[in-house]
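Q: Please model the complete structure; the sequences and the hints are all you need to start from.
Chains as they are written, first to last, in the numbering used here: chain A, 3 to 467; chain B, 3 to 467; chain C, 3 to 467.
Hints in this document: simulated from the structure, not taken from any laboratory.
Accuracy of the hints is not assured; some may be wrong.
Since copy identity is lost for identical chains, a pair holds within one copy or between any two.
To be verified - Taking lysine to aspartate or glutamate pairs in the DMTMM-like style, the calculated list, with each CA pair at most 25 Å apart, reads: (1) LYS347 <-> ASP443; (2) LYS17 <-> ASP295; (3) LYS225 <-> GLU454; (4) LYS290 <-> GLU454; (5) LYS350 <-> GLU444; (6) LYS398 <-> GLU381; (7) LYS17 <-> GLU56; (8) LYS17 <-> GLU444; (9) LYS225 <-> ASP459; (10) LYS386 <-> ASP295; (11) LYS24 <-> ASP295; (12) LYS350 <-> GLU140; (13) LYS290 <-> GLU444; (14) LYS398 <-> GLU56; (15) LYS290 <-> ASP443; (16) LYS398 <-> ASP383; (17) LYS386 <-> GLU56; (18) LYS17 <-> ASP5; (19) LYS225 <-> GLU450; (20) LYS398 <-> ASP459; (21) LYS290 <-> GLU450.
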Amino acid sequence: RTDYQRCNDYFCRPKNTNIRIKLPVVCFTWQIAMIILFGVFVRYDSESDAHWPETMIQNNITSNTENDFYYRYPSFQDVHVMIFVGFGFLMTFLKRYSFSAVGFNFLIASFGIQWALLMQGWFGSLDPSTGKILIGVENLINADFCVAGCLIAFGAVLGKVSPVQLLVMTLFGVTLFAVEEYIILELLHVKDAGGSMVIHAFGGYYGLTISRVLYRPRIHQSKHLQGSVYQSDVFAMIGTLFLWMFWPSFNSAIAYHGDGQHRAVINTYLCLAASVLTTVAISSLSQKTGKLDMVHIQNSTLAGGVALGTAAEFMVSPYGALIVGFLCGILSTMGYIFISPFLEKNLKIHDTCGIHNLHAMPGLIGGIVGAITAATANELDYGKQGLINTFGLTGKLQSRSPSTQGGYQAAGICVALAFGIVGGAIVGGILRLPIWGDPADENCYDDEVYWEVSTTDTQHLHYIL
Amino acid sequence: RTDYQRCNDYFCRPKNTNIRIKLPVVCFTWQIAMIILFGVFVRYDSESDAHWPETMIQNNITSNTENDFYYRYPSFQDVHVMIFVGFGFLMTFLKRYSFSAVGFNFLIASFGIQWALLMQGWFGSLDPSTGKILIGVENLINADFCVAGCLIAFGAVLGKVSPVQLLVMTLFGVTLFAVEEYIILELLHVKDAGGSMVIHAFGGYYGLTISRVLYRPRIHQSKHLQGSVYQSDVFAMIGTLFLWMFWPSFNSAIAYHGDGQHRAVINTYLCLAASVLTTVAISSLSQKTGKLDMVHIQNSTLAGGVALGTAAEFMVSPYGALIVGFLCGILSTMGYIFISPFLEKNLKIHDTCGIHNLHAMPGLIGGIVGAITAATANELDYGKQGLINTFGLTGKLQSRSPSTQGGYQAAGICVALAFGIVGGAIVGGILRLPIWGDPADENCYDDEVYWEVSTTDTQHLHYIL
Amino acid sequence: RTDYQRCNDYFCRPKNTNIRIKLPVVCFTWQIAMIILFGVFVRYDSESDAHWPETMIQNNITSNTENDFYYRYPSFQDVHVMIFVGFGFLMTFLKRYSFSAVGFNFLIASFGIQWALLMQGWFGSLDPSTGKILIGVENLINADFCVAGCLIAFGAVLGKVSPVQLLVMTLFGVTLFAVEEYIILELLHVKDAGGSMVIHAFGGYYGLTISRVLYRPRIHQSKHLQGSVYQSDVFAMIGTLFLWMFWPSFNSAIAYHGDGQHRAVINTYLCLAASVLTTVAISSLSQKTGKLDMVHIQNSTLAGGVALGTAAEFMVSPYGALIVGFLCGILSTMGYIFISPFLEKNLKIHDTCGIHNLHAMPGLIGGIVGAITAATANELDYGKQGLINTFGLTGKLQSRSPSTQGGYQAAGICVALAFGIVGGAIVGGILRLPIWGDPADENCYDDEVYWEVSTTDTQHLHYIL
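A: What follows is the structure in structure tokens.
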């Protein structure tokens, strides 16, 4: 037999979804690694360390309210809800994959936030004198943000991979994210508080590329499970609404104290509201009798939040936010109607949750909106100090002009895209190895592969189908 | 044929629920109108504008924590959850109308908050020198409040109207609300932080009057869908609980900084707790075998929050709050048992969610409680400065006595009632025009009229019924 | 007939679950008692009283942000969500007991918080000059905490008791809690901000002991209802996730302002993340084919939060938090696999929700972790002022050494245990009286005993079983 055949045999042997050894081994090994690395590297920062009373005296801080905790904790909790309930429940729409949607989301996010604290810490929170990563509430928010990128990618492969593959995808995804984020935010000094580029465009293209590499020509064998039932659509609306409601917190969580956070909230609130109306309009237009499609309502209503991720803290003005939301609701819904079928048919990219339309494309739009609004910023709109605060143009950057900043913003989009696509291709290749316990084509979208499900439930399902 | 017959033919022609043109046209037109009006009128206020660092210097503000954002943002997010998850899921109790409940709630609230920012802005946040509306976090809260009035009205007509009708109802509802609110809060200088009168009484009577005008004598033709199934009742409890838990934020969100917000939370917390016990008691008493009714638990437990909307920030004292909750739990539950059937049979008011018992009646009670507690306020209980802060009796109002204030509070109730009933009658008349795509009598309470629902779901439903 | 027989007849007469008189009488009487006691005893504290502007001047407070409300309100709302949605929905996993889970949880928590404000107030917030209890936001948090203990106990007896019994259990539970808490926190001056001992160990053993006393040898007669269906497991995940996400708020809600709250959040966040990975690992290992069990994911992922309740605000360091979470995920999951069946078979303790594994055992571990970390605290890690703030070693306690503190912490565990077991035995005895309307062995875990459920629902259930 030729090498090719042998290779083919290796990759095409019957699927074994027994993960009784693989999953525990990965969980234990990685968690122990986390403990060791945290032991070596991670300490409390000055605001969460018990020496804070001394820090207050040294820095002439008179009130505990100045502890960053009180500026950011409410936003952090909202972001936390988005990561675990928002993303988790949004993906419960499949009729028989709700356990996996919410359970695997829980698993990979819990691992990802630990690894993100380390990776982002090495790049951004290292105390040069001690070599320790010092963490506070802002690091927790950033770790949640980082994980959001991986959860977006999860959406593209939902139902078609094993939890072990998801953990591998998260390990590499967080690593890539931290490097990409460092390049974009620190080296290029690009502003991206809500992560249109860093989170959504990266996560979107990372997931889509992985899905392309893992393409299954015979996925139609589990077509009967690839859809929703009435109750699962209602569950998914829990995810949609918590994402929608708390998106203003997402885009403002690490914005500048004071007017920066305040403005980011107003802009995101307005942008999302406009998205809802145009999503409904296009959804109704797309059906012969004007009926609405739950897929659109669950997803495209959120596109405005993604697309304002970069510019949320800028002076886009309230009507500017509405315009962005208006366009993104339209484009995202049309993405579900036209682009997703095109990607599947022509590019062999099967995108279970339609992350192209909710994250990848609106993320790119968000990057462009950010570049344009940054390039046109001026002292009249922002005030002298406001311009410096908003764009962080201090120190050696104080001579960077808004139009130069706009150029750097545009460069940031390219970096995010490149990391998503190249990273996704490599990680996709790793995930094709036939050792990860992924399901056979006829068992996709089925909780029974990885979860104990009672037999009455299974019979009931077969009845209603 | 006579004019009467022609008119009759016009109003009674077979229902056409195809909204493929109507709904998109309304959504697009209105959203474009919002963009234009926001472009002309709406700007950031001084606390969300990038000139905030200069404002801080000018006003000698030394800490960003003084930005109103940090006082109000946590409450705002809670209110936001009440509007979108609270109201949305509370109405999912119908067995086959959950998509519409949560989806139309989402749609009309997203439109309503934009229109409310404009309407309330013209009346309350206009910068006289520039003619611009300046918005900050308090405007966002007020817009959510305003929309709450329309969502209450939605509860009365749930299942019987089209989304286009709901949008029209919201357009007029927000308009009426803004005028009514201006008269009550500004002209009469009535205090109503949690909106017993302004939100609940107005919204309740607005909805009930519309429902009266739209009365369907043959609604019993869709009786098989007018009720809950097991799972839909559990979904509705999500709405109930998020409303119940966050009601302290609702009643305190725009209360006076410091003790005002603090006290409003304590009072609402206690009042709601008492409501739960008396609701359970009456619900159990109302059944032969003492079984509890989910309708009561889902709704009447919330009556205490409504009834303390006006007086939450007053010195009603903790036991006073308990007494209000005690009575409202009883009255609201008895409303479901006795008053709702009476209204339907004798006044032809069909009230799907029982908003009379949860909003209209408790709202009136709340107005009365507010008037009495305001009238009996005194310097001993409040302190000199406390009395001024709580009732805002500064400037030309500084000579208004508590008993006069009580009188104005009572006048506020009448204004809210008048706007609800007269406004509802007019809007109801508009909604009777046979152009809005409302469902036929035998298709009420059915998601399939306006939503894509899979055929297996439909078959399954028919089986279990 | 002998006395024994007569006694036996009394206790074994056929069950009467008609609670039409009992439940309303208890609800009304107790609520009226609350109103009277609140009228006599409860007033606003200085930060929620309208005299606050004067208090500010007297105490030289220059900003309203110093009002404790702004330090604690966001955490309070998170805790409130945990109590009502978290505990409520976590218990909806049973296939036919979701109404009771979420409804009775609502009822007893609403009563419990009122009674807790009184009991905890008498022990801790009494103004000696007036004899009044002065309440503010911290009292509301503590009342929610107190009720958590009773809701934990509810988990052990879920499905086997009547709402009247639950109210009795809560009345005594809150009373015992307040005394135990006073002894541990005030007399012994033990630190337990997140309540590992005070809440979880006490509540866990209180519930387990009651369940032992109420042991039903013929509970297998309702075995067909003791389990989950697909949808009920998804509902339960709503509870799990809201508990998991907001646990950092639980453990930090009453921690020291500034670094104390900040650190408690970081520690809890990390500990919970580690719990998830080891829970998944052990759950997968426990099944032949490596499939995951929803019971483990719903519960054991939370064990880390319980186990860090005492030490959350200490300088356990980030890796220390991970280690605690690592171990608790393992132990708790193994508890579900090995200990729960053992307890039922050998000790006749039937524990519906497995509170032994989620609360009782992790609570003990938390107490031990707290004792060890307190005993090893030192000025190097905490700083001089930090040590004083964290352990509250001021006044006559200023000479207490960390190792002595560790000893007191250990003593606290014993007090919590003793109150749980002895209190549970007494209350269990009271609940055995055949007057409370509890269900017959064949009607356990069935909502139809206490709730109006439509007949189509019932038929549907019988079909799918």
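Q: Is it within a copy, between copies, both, or neither that the alpha carbon of LYS347 lies no farther than 25 Å from that of ASP443?
A: within (17 Å within a copy, 43 Å between copies)
Q: Given a CA cutoff of 25 Å, do LYS398 and GLU56 count as a within-copy pair, a between-copy pair, both, or neither?
A: between (31 Å within a copy, 23 Å between copies)
Q: Please work out whether the CA atoms of LYS17 and GLU444 approach to 25 Å or closer within one copy, between two copies, in both situations, or in neither?
A: within (11 Å within a copy, 44 Å between copies)
Q: Have a look at LYS398 and GLU381 and pick one of within, between, both or neither, based on CA distance no larger than 25 Å.
A: Answer is within; shortest intra-copy Cα gap is 19 Å, inter-copy 40 Å.
Q: Is it within, between, both, or neither for LYS225 and ASP459, if the alpha carbons may be no more than 25 Å apart?
A: both (19 Å within a copy, 16 Å between copies)
Q: Cα distance capped at 25 Å. Does LYS24 pair with ASP295 within a copy, between copies, both, or neither?
A: Answer is between; shortest inter-copy Cα gap is 16 Å, intra-copy 39 Å.
Q: For LYS290 and GLU444, with the copy left unspecified, which applies at a CA distance of at most 25 Å: within, between, both, or neither?
A: between (32 Å within a copy, 22 Å between copies)
Q: Please work out whether the CA atoms of LYS225 and GLU450 approach to 25 Å or closer within one copy, between two copies, in both situations, or in neither?
A: The answer is both: 16 Å in one copy and 23 Å across copies each meet 25 Å.
Q: Using 25 Å as the alpha carbon limit, work out where LYS17 and ASP295 are close: within a copy, between copies, both or neither.
A: between (35 Å within a copy, 22 Å between copies)
Q: Check LYS386 against GLU56 for me: Cα-Cα at most 25 Å, and say if that holds within a copy, between copies, both or neither.
A: Classified as between: cross-chain Cα gap 9 Å, same-chain 34 Å, threshold 25 Å.
Q: At most 25 Å between C-alpha atoms: does LYS17 with GLU56 qualify within a copy, between copies, both, or neither?
A: neither (60 Å within a copy, 65 Å between copies)
Q: How would you label the pair LYS290, GLU450 (within, between, both, or neither) given a Cα cut-off of 25 Å?
A: Intra 37 Å, inter 14 Å, cutoff 25 Å: inter-copy only.
Violated hints, in rising order: 7, 10, 12 and 20; the structure is consistent with all others.
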